[in-house]
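Participant: The primary structure of each chain is shown beneath.
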Amino acid sequence: MIGAAAGLLGLLTGRVAGISAIVGGLLTSRRGDSAWRVAFIAGLIGSTLIYARIRPLPNITLDAGNGAMVIAGLLVGIGTAYGGGCTSGHGVCGIARLSMRSMAATVAFMAAGFATVYLLRHVRGG
Amino acid sequence: MNLIASLLCGLLFGAGLLVSGMADPAKVLGFLDLAGRWDPSLMLVMAAAVLTALPAFALARRRSQAILELPASRRIDARLIVGSLIFGVGWGIAGFCPGPAIVSLGMGQWQPVLFVAAMLIGRAAYEVVEHLRQAS
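So the sequence lines, in the order shown, correspond to chains E and W.
Just so we're aligned, residue 1 is where the first sequence starts under the working numbering, counting upward by one.
Just so we're aligned, residue 1001 is where the second sequence starts under the working numbering, counting upward by one.
No lab work stands behind these hints, which were simulated from the structure alone.
No experiment lies behind these values; they were computed from the predicted model shown.
For glycine and all other residues, C-beta sits at the position ideal for the given N, C-alpha and C.
Warning: the hint list may mix true and false statements.
[Stated by the list, open to error] Pair by pair, the computed Cβ-Cβ distance ranges are: (1) E/Ala52 with W/Val1129: 37 to 43 Å; (2) W/Arg1062 with E/Ala52: 37 to 43 Å; (3) W/Ala1124 with E/Ala115: 24 to 30 Å; (4) W/Leu1059 with E/Asn66: 40 to 46 Å; (5) W/Val1129 with E/Arg53: 40 to 46 Å; (6) W/Val1129 with E/Ala115: 22 to 28 Å.
Turn these sequences into a full structure, and let the hints guide you.
Facilitator: Written out as C-alpha cells, the structure is:
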C-alpha cells in the first residue's frame, strides 16, 4: 500500500512521495505549489479517521520522553533537510528509482538508527 | 485533479503505515534494535513498498521525463551523508520518521505534535542558515 501510494503519486501528479520534502516544502513553496502538499498531508492524517471506523487504531507506544521527543524532532528536521530525504523519499521512492544517492542515504540513516538504539538501550540503559 | 490524487495517495500511504504497524514507534525501534529482540518487519515492509513502486517509477520515467519532478542532485556528498546520519540519530531516539509522525497526529496524542513541531523548527532553522549562507 505504501509502495502503491508512492507509485501512484509519481504517476498521477509527477511528485515524489517524500514526506519530509512534502512537509518541509510547505515552509518555502511558492503559491500554487502548496495545495497538493496540504492535500497529501490531510490524507495522511485522515487515514487514521477512516482506519478507526473499520477497526480499532493500533496502539502506539512511545518510549521517549517529552524532552527526547523534541530533540529527536529537531534532529529529524535538520537531518532530512541536509540529507534531502527521509525513509519514504530515500528509502522507498529513491531506491525504487534505483538512485545511488538514495541508497547511500538509506544506509547512512539506518546505520545511525541502529547505533543510536544500541547506545540508548544496551550501553546506557544496560 | 492533482489535489484529489494527492489526497487519495496520502490516505493510501497513511493506511499502509497503519496496517503494516509502522506508525508505531515501538515497532520501528524493534527493527533498529539489532542487539535486542530484532524485529525485521520494517525491512520487509520497505522491500514490499520498493517492489510495488518500482514499476510505477519506471513507467513514469519512460512516459514523461519532463513531468516527474526528481531531485536535481546526483552527487553523493558530505551533506547527504551527514544529514542522513543526523536524521538516523533522531529516528533512533524517537522511533518516528516524518511519515508515521504525521499520521500519528490523527491519533489524538500530543507527543507526536511535539515531535512534528520540533521537526518543522529544525527544517526552518535549515532554511534560515542556508538563506544566510547564500546571501553572504
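Participant: Take the hints in turn and mark each one as holding or not.
Facilitator: Hints versus structure:
| no. | hint | in the structure |
| --- | --- | --- |
| 1 | E/Ala52 with W/Val1129: 37 to 43 Å | holds (40 Å) |
| 2 | W/Arg1062 with E/Ala52: 37 to 43 Å | holds (39 Å) |
| 3 | W/Ala1124 with E/Ala115: 24 to 30 Å | holds (27 Å) |
| 4 | W/Leu1059 with E/Asn66: 40 to 46 Å | holds (45 Å) |
| 5 | W/Val1129 with E/Arg53: 40 to 46 Å | holds (43 Å) |
| 6 | W/Val1129 with E/Ala115: 22 to 28 Å | holds (26 Å) |
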